[in-house]
Amino acid sequence: MKILSITTATNHLSVAINDDKQVIAEKNEVDQRNHSEHLDPLISEILKENNLTLNDIDRFAVAQGPGSYTGLRIGITTAKMFASILDKDLVGVSTLASLAQGVDAGDSIIVAELDARNDNFFAGGYVKDDNGVKNVVADGHYHIDDLLNKVKAAAGNKKVIFVGSDIDKYQDQITSIWPEINYQQAPAGANQVHAANIGLLALDSEAIDPDKMVPKYLRRTQAELDWHKKTGKAYGPDSDYVEEV
498 MKILSITTAT NHLSVAINDD KQVIAEKNEV DQRNHSEHLD PLISEILKEN
548 NLTLNDIDRF AVAQGPGSYT GLRIGITTAK MFASILDKDL VGVSTLASLA
598 QGVDAGDSII VAELDARNDN FFAGGYVKDD NGVKNVVADG HYHIDDLLNK
648 VKAAAGNKKV IFVGSDIDKY QDQITSIWPE INYQQAPAGA NQVHAANIGL
698 LALDSEAIDP DKMVPKYLRR TQAELDWHKK TGKAYGPDSD YVEEV
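The sequence shown begins at 498 in this note's numbering and counts up by one.
Hint data in this document are derived by calculation from the structure and do not stem from the laboratory.
Treat the hints with caution; some may be incorrect.
What the hints assert, rightly or not - FRET-style restraints, in silico, Cβ to Cβ: (1) G729 - D517: 32 to 38 Å; (2) N547 - I582: 19 to 25 Å; (3) A651 - D708: 17 to 23 Å; (4) N632 - N531: 29 to 35 Å; (5) N547 - D663: 32 to 38 Å; (6) N552 - E677: 30 to 36 Å.
We put the beta carbon where it would ideally sit given N, CA and C, even for glycine.
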């Protein structure tokens, strides 16, 4: 099965082609911050360089979240369009799971995390074996104190590997909450979201109707928060609040 995978969830743009568990190719752009302009050309390049067309792809996979609100919509919209027009499978993959997939874990718990500022993180805890990654701390939007307490409860005596945003600047907070923690940051290359890892996770994932795929932000947008504060109404479906703005 040939899988074309996309991630625009962070400042790292990545596109890959996998054939079952084999990574055929991956192309990356780091910190360009203009994914809307670069995504389609990058897809065209990787297909052309590997003598493939979109019609040769059996399944499209995309980082579904968490991540940048705008970034997620760019990647998801592109993947949905391809899958819908070509009548191919579409799979959404957790951005955090794809980070965990890229770590050589051993007997460790992997904390995949993206800094959400003000001591908050998009994060999830994972363990990894020959069968892939398993989520043991649910993906969510956590204050660092809450995150560490949940990881501590799940980790037991396991070593902790952080992957994603640089955790070293939080060292004092980490050790004050969990003095006996044995942790490290993943190697530099693993701390970016790679499309090839999305493709590996997508191989055995359930396909979704393109019309039903939406980003998994894991927290309310500022517009939703402002709308709720203004109207006092309960949160509804993803776009209800737009009519009130």
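We went through each hint and held it up to the structure:
{"no.": "1", "hint": "G729 - D517: 32 to 38 Å", "verdict": "violated (52 Å)"}
{"no.": "2", "hint": "N547 - I582: 19 to 25 Å", "verdict": "holds (21 Å)"}
{"no.": "3", "hint": "A651 - D708: 17 to 23 Å", "verdict": "violated (35 Å)"}
{"no.": "4", "hint": "N632 - N531: 29 to 35 Å", "verdict": "holds (32 Å)"}
{"no.": "5", "hint": "N547 - D663: 32 to 38 Å", "verdict": "holds (34 Å)"}
{"no.": "6", "hint": "N552 - E677: 30 to 36 Å", "verdict": "violated (55 Å)"}
Of the hints listed earlier, those the structure fails to meet are numbers 1, 3 and 6, in rising order.
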